[in-house]
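Novice: Okay, here's what each chain looks like letter by letter:
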Amino acid sequence: DVVMTQSPLSLPVTLGQPASISCRSTQGLVHRDGNTYLTWLHQRPGHSPRRLIYKISNRDSGVPDRFSGSGSGTDFTLKISRVEAEDVGVYYCMQGTHWPWTFGQGTKVEIK
Amino acid sequence: QVQLVQSGAEVKEPGASVKVSCKASGYSFSGQFMHWVRHVPGQGLEWMGRITLDNGDTKYAQKFQGRVTMTRAPSITTVYMDLSDLRSDDTAIYYCTRDNYYSIDYWGQGTLVTVSS
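Taken in sequence, the protein lines are chains A and B.
For the first sequence, my numbering gives the first residue as 1, with consecutive numbering after it.
For the second sequence, my numbering gives the first residue as 1001, with consecutive numbering after it.
Derived by calculation from the structure, the hints in this document are not laboratory data.
Note that beta-carbon positions come from the ideal geometry of N, C-alpha and C, so glycine has one too.
Where hints are given, some of them may not hold.
Okay, derived cross-link-like pairs now, BS3-like style, lysine-lysine, Cα gap no bigger than 30 Å in a straight line [unchecked claim]: (1) B:LYS1019 <-> B:LYS1063; (2) B:LYS1063 <-> A:LYS108; (3) B:LYS1059 <-> A:LYS55; (4) B:LYS1063 <-> A:LYS55; (5) B:LYS1012 <-> A:LYS55.
Partner residues are not named here, just some residues of chain A that face chain B (Cβ under 8 Å, in silico) [what the hints assert, rightly or not]: (6) HIS31; (7) TYR54; (8) GLY96; (9) THR97; (10) PRO100; (11) TRP101; (12) GLY104.
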């Protein structure tokens, strides 16, 4: 199985400051169709996860543009340009290129 | 809008089975897949398997092979996940999720399954 490793696992941030989360996979995530199926999810306390970004860098409808995704191959990053209070929670990366689909361990973002 | 509404919390004894339902609305079942993902307390998210809504074909994670069964009832746009021979480490929140081109875009509200004697 493809192992997804996130860092850091805990990220205290100051409101208005940037934040960055890394996600690395043990295998390349380029699908035979040429796409890279790397997704970022956000889960607020007491809620179901919500998708933020798919195929590395495509933001879902309604996702603020302070969120951006980048990367290629086995190395991916989620960036928040200016953290707001509603951004707290756990962020997960997920790969849908290889079976079984797998998730990172999660990165908990909290306000300092 | 897309909604996935799951059945309520369950408490089961070890060795029992549980069946969780997920009612979908706001989109067409045709050509779609549904995945089940669980979240074990203190651990991360775990993909369990997928069902093709047109024909019922399934693909399960090896870890759950032989214990999980995913089915669907297209007439009522509902999918089901049956997990048998429950153990204490199956205590988790179980989510149905909608497939969106090798990704997951919508999640149900989750169903807490507690396995305890």
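Novice: The structure should be examined with respect to each hint, and the outcome stated for every one.
Specialist: We went through each hint and held it up to the structure:
Pair hint B:LYS1019 plus B:LYS1063 holds up; C-alpha atoms about 18 Å apart against a cutoff of 30 Å. Distance check on the hinted pair: B:LYS1063 and A:LYS108 sit about 27 Å apart at the alpha-carbon level, within 30 Å; holds. With a C-alpha separation of about 22 Å, the suggested pairing of B:LYS1059 with A:LYS55 holds against the 30 Å cut-off. Proximity of B:LYS1063 to A:LYS55 is assessed by CA-CA distance (about 27 Å); at most 30 Å being required, the pair is judged to hold.
For the hint pairing B:LYS1012 with A:LYS55, the CA-to-CA distance comes to about 39 Å; that exceeds 30 Å, so the pair is violated. Annotation: interface hint on A:HIS31 holds; nearest CB of chain B at approximately 7 Å, less than 8 Å. The interface hint given for A:TYR54 is met, as the beta carbon of that residue sits about 4 Å from the closest beta carbon of chain B, less than 8 Å. At its closest, the beta carbon of A:GLY96 sits 4 Å from a beta carbon of chain B; the interface hint therefore holds under the 8 Å criterion.
Residue-level restraint check for A:THR97 holds (minimum Cβ-Cβ distance to chain B is 7 Å; threshold 8 Å). For A:PRO100, the interface hint holds, since its Cβ comes within 8 Å of a Cβ in chain B; the closest pair sits about 4 Å apart. Among the interface hints, the one on A:TRP101 holds; its C-beta lies about 4 Å from the nearest C-beta in chain B, closer than the 8 Å criterion. Nearest Cβ of chain B to the Cβ of A:GLY104: about 7 Å, under the 8 Å cut. The hint holds.
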